[in-house]
Every structure is written in C-alpha cells, then in structure tokens.
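Chains as they are written, first to last, in the numbering used here: chain A, 1 to 250; chain B, 1 to 243.
Rather than coming from a laboratory, the hints here were simulated on the basis of the structure. Hints should not be assumed to be uniformly reliable.
Quick partial rundown of chain B residues pointing at chain A, CB under 8 angstroms, derived from the structure [claimed, not checked]:
1. Val14
2. Val19
3. Leu23
4. Ile24
5. Gly25
6. Ile97
7. Val100
8. Met191
9. Leu202
10. Leu208
11. His209
12. Ala226
Source: prediction; values computed, not measured. Where is the CB? At the ideal position from N, CA and C, for every residue including glycine.
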Amino acid sequence: MRNAFIVRIAIVVVAVGLLELLCRLGVIPSFTMIPPSAMAQSLWSLLASGRFSHDIAATLANVGIAIVAAMLAGVALGTALQGWPAARRTLDPLFATYYAVPMYAFYPLLIVIFGMSDFPQIAIGFLLAVMAVIINTLNGLDRVPAVLLKTARVHGLGFVQEAFHVRLPYAAPYVFTGFKLAVAYSFIGVIGAEFITSSRGIGYEISFAYNNFDNPVMYAMILFILLLVITVNMSLHAWERRLLSRRRRA
Amino acid sequence: MKWRDPLILVFLIVILWQVLYALIGDVALRSPATTAHNLGTLLSDPRFLPHINETAIAFAQGFAIAVVVGLLIGVPLGAARFAGEVAEPILVALYSIPKVTLYPVILLIFGIGMPAKVAFGAIHGIVPISIFAMNAVRNINPTHLRTARVMRMSFLDLTLKILLPAALPEIATGIRVGFSLALIGTLLGEMFGSQRGLGHLLMQAMSLHNIERILALTLLLVVFAAGINALLLALDRRLHARA
C-alpha cells in the first residue's frame with residue numbers, strides 16, 4: 001500500500017518534470033503549452049490579485065447548489081422508489097440508459113427555455129448528479145437486513161420514521177458513494193455548461209482566455225480546476241473508504 | 001413482458017413532454033408530434049446528411065481509438081497487480097475530472113477540425129474502458145489459471161479458452177460505458193470547436209433561437225444514444241448471464 005503510494009507520487013513527479021523539460025527545451029512550443037512551473041506561477045499571481053474571485057465564487061456556488069439539490073432529491077426519490085416497486089420496475093430502463101444520453105444536448109434547450117442565467121448550468125449539474133444518488137440510495141436500501149426491518153415493525157414505526165431511523169442510517173455508506181459521484185458529476189456538468197455558453201465562471205474565463213491566445217491565464221485556470229476537482233474527489237474517496245472499512249469491522 | 005416496461009416508460013415520457021408543452025407553449029417548446037415531424041423533414045434534407053456523416057465519422061474513429069488504447073492500458077494493468085495498484089487512483093482521478101477543461105489544450109495541439117473532435121471523443125472513452133478492463137483481468141479466478149498451467153495449455157489456448165471468456169463480460173460493460181462517453185465527448189468537441197457536425201448544428205440553432213431545430217436534434221441524439229445503449233445492454237446482460 002505504502003509502496004504503491006510512493007511509486008504513484010514518483011510517476012506524477014516524473015511526468016510533470018518531463019513536461020517541464022519538453023516545454024523549456026522548446027520541443028513543445030510555448031503557444032501550445034507553457035511549462036507547468038509557469039502555470040503554477042501564473043495561477044499564484046492570479047489568485048493573489050483576486051481578478052477571478054467572482055468567477056470562482058460563481059462556479060463554486062452553482063456547483064454547490066447542484067450538489068445539494070441532487071443529494072436531497074436523490075435520497076428522497078430513492079427512498080420513495082424503494083417503497084414503490086411497481087414504479088421502480090417501470091423506471092428501471094431509464095436508470096440503465098440515463099448516463100448513455102448526452103446530457104449536454106439538453107443545454108441549448110434549457111438556455112432557450114430559461115434564458116442565459118445560472119439556472120441552465122445548475123440544471124445540467126443537477127441532472128448529471130441526481131441519478132448517481134438515486135441508484136446508490138436504492139443499492140444501499142436494498143441491503144438493509146430483514147431483521148432490522150422486523151425490529152422496526154415490532155416498534156410500530158411508520159414509513160417515514162423507518163426510513164429516517166433504520167433504512168437510511170444503514171444505507172449511509174452506499175448513499176455516501178452516491179454523494180461522492182454527485183460531487184464529481186456536478187463539477188463536470190456545471191463547468192461543461194460554462195464552456196458551451198455562459199457569461200461568467202471559471203469555464204467561461206478559460207474559453208475567453210483561449211480565444212484571446214492568453215495562455216498564461218488559460219493554463220493557470222485549467223490547472224486550478226484540475227487541482228480543485230482532484231483534491232475534492234480524492235478527499236471524498238479517502239473518507240468513503242474509511243466509512244466502508246468501519247462498516248466491515250462492525 | 002420484457003418489452004412492457006420500456007414501452008410504458010417511453011409512453012410516460014411522451015405524455016410528460018406533452019404536458020410540459022401545454023404549460024409552456026410555443027414560446028420555448030414544441031409538441032412531441034411536431035418535433036417528430038420536424039426530425040423527419042430534417043433527416044430527408046440533403047444538406048443535413050453531411051453533418052450526420054461528419055459526426056458519425058468523428059465518433060467512430062474516437063470510439064475505435066478509445067477501445068484499442070483502453071484495452072492496451074487496462075489489460076496489462078490488470079495482469080500486473082502492483083502496476084494496477086499504482087495506476088488505479090490515477091485512472092479514477094482522470095475519470096472524475098471535467099475533461100471539457102482540457103479542450104483548449106486539445107485544440108492547441110490538433111487545431112480546429114476533425115482530429116480535435118476524434119481526440120476529444122477518445123479521451124472521454126479511454127479511461128472507463130481501461131478501468132473496466134483492468135478489473136476484468138484482475139478478477140480472473142486464479143484457480144482457473146493454475147488449472148491451465150497444470151494442463152499445460154498453450155498460450156493461445158489459455159487466451160482463447162480462459163482469459164477471454166473470463167474477462168469478456170466486464171470488458172463488454174466497459175466498452176458500453178466508453179461508447180456513451182465517447183459520444184458525449186465527440187458532441188462536446190463539436191459544440192465549441194467545429195464548423196460541422198450535429199454538435200455544431202445544435203449550437204447554431206441555440207444562437208438563432210431555433211427551437212424546432214434544437215428539439216429535433218436533441219430527440220435524434222437521445223433516441224440514438226438510448227437505442228444503441230439498450231442493444232449493448234442486452235448483449236452485456238447475455239454475456240454476464242453466461243459467465
């Protein structure tokens with residue numbers, strides 16, 4: 001485990017170092033890519049200047065809204081569907097095909113219906129994220145042992161009470177997997193939508209910089225998104241593993 | 001029986017669409033029937049076919065590259081346990097980043113046009129295919145491999161009779177996921193880095209506020225993606241049931 005970690009870090013360091021070298025030697029021309037050290041430097045000065053604080057805040061706020069909405073709606077819908085097998089069976093083909101449908105194709109439609117606001121972006125992030133929460137909530141709820149449900153019935157709990165006191169706490173680690181995916185998908189949805197058309201946000205600034213051949217800004221913001229998303233996802237991944245290992249020990 | 005639920009579902013979606021249309025009206029929506037008619041007109045328009053062709057060619061190339069490269073990465077990583085352990089978190093991290101972000105880089109490398117679209121479709125598909133292939137090979141029952149060694153199977157026999165049948169179902173799942181993602185990648189690529197193709201038409205229709213066109217294209221893409229996925233899913237389930 002430790003060894004693999006060290007080798008992994010070494011691979012990343014060597015890859016970044018190689019990229020740096022190729023850029024510095026001019027093998028990769030500077031109008032294609034700037035050296036990683038220059039990206040980091042540019043990012044540092046941009047963050048310090050506060051020039052993109054508004055865009056960063058806008059993107060993060062939209063991602064945050066999409067995540068929270070997807071979590072709430074996903075858990076609610078998952079719980080409801082688990083209690084209504086007929087509806088679940090009918091919707092099953094939808095679950096199986098959902099992620100095959102190119103969600104961004106709905107973005108132009110959303111723009112036409114709702115206009116150029118934050119809402120279409122949030123909607124794309126939400127739509128990508130919510131199904132992961134629903135599917136994982138169902139998966140967790142399906143695993144609740146019958147003995148716990150019998151106990152709940154003996155205590156005379158209603159559907160809502162049973163959901164909050166027995167089913168959902170048991171399913172928590174699986175629901176968490178759904179949350180983790182929801183975070184990743186919300187970022188993908190919102191930032192993708194910003195790229196396609198928007199008037200602010202990190203994705204907008206990157207495509208603006210691209211159109212103006214402003215590589216220092218463009219690569220700095222690309223680096224920012226990648227570092228941000230990888231850090232968030234990796235932390236959630238580590239947290240998830242802790243949750244699951246605790247469940248296994250119990 | 002098997003076909004009943006999907007049919008009910010499609011029926012429900014059409015009803016929902018019709019209700020939405022009744023609520024929103026012609027300002028921003030068209031009815032399902034009108035849209036189907038518009039799509040028919042669009043499909044019989046000779047000026048439209050080159051765009052479909054463009055997208056189909058870009059997607060086919062991107063998907064083919066994704067399958068080949070994905071398997072070339074995933075299969076060896078599944079066979080070499082330590083290398084797989086090192087690579088897995090890197091692959092997962094690559095899977096979960098918004099790859100759209102890398103689009104300007106792809107454009108700077110390949111320029112606007114076909115190669116950029118193909119590359120963008122490919123990078124979306126490679127990672128899931130390699131992750132699934134890695135797990136497929138890694139999870140082959142070691143007893144089977146030991147039995148093969150005891151029976152002194154040749155490498156060809158080993159590959160054809162043990163490795164392939166054991167890993168195929170998972171690999172098929174990976175290819176199905178990769179298919180969807182490569183399609184999304186290709187369309188995204190067309191949406192902001194192309195003068196042709198369905199993604200480009202969608203963007204053009206959006207800036208012209210052409211609701212008929214947007215709806216017809218969206219319907220076409222959704223039906224195509226869902227249809228192919230349903231076929232691949234059926235194949236996938238058959239492979240898994242046999243294993």
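To see whether the hints hold, each was checked on the structure:
1. Val14: 13 angstroms, violated
2. Val19: Because about 15 angstroms separates valine 19 (chain B) from the closest Cβ in chain A, which is outside the 8 angstroms limit, the hint is violated.
3. Leu23: At 11 angstroms from the nearest chain A Cβ, leucine 23 (chain B) fails the 8 angstroms test, so the hint is violated.
4. Ile24: 7 angstroms, holds
5. Gly25: 11 angstroms, violated
6. Ile97: For isoleucine 97 (chain B), the interface hint holds, since the closest Cβ of chain A sits about 5 angstroms away, which is under 8 angstroms.
7. Val100: Because about 4 angstroms separates valine 100 (chain B) from the closest Cβ in chain A, which is inside the 8 angstroms limit, the hint holds.
8. Met191: Holds: closest Cβ of chain A sits about 5 angstroms from methionine 191 (chain B), inside 8 angstroms.
9. Leu202: Status holds, d = 5 angstroms.
10. Leu208: 10 angstroms, violated
11. His209: 6 angstroms, holds
12. Ala226: With Cβ-Cβ at 5 angstroms, under 8 angstroms, it holds.
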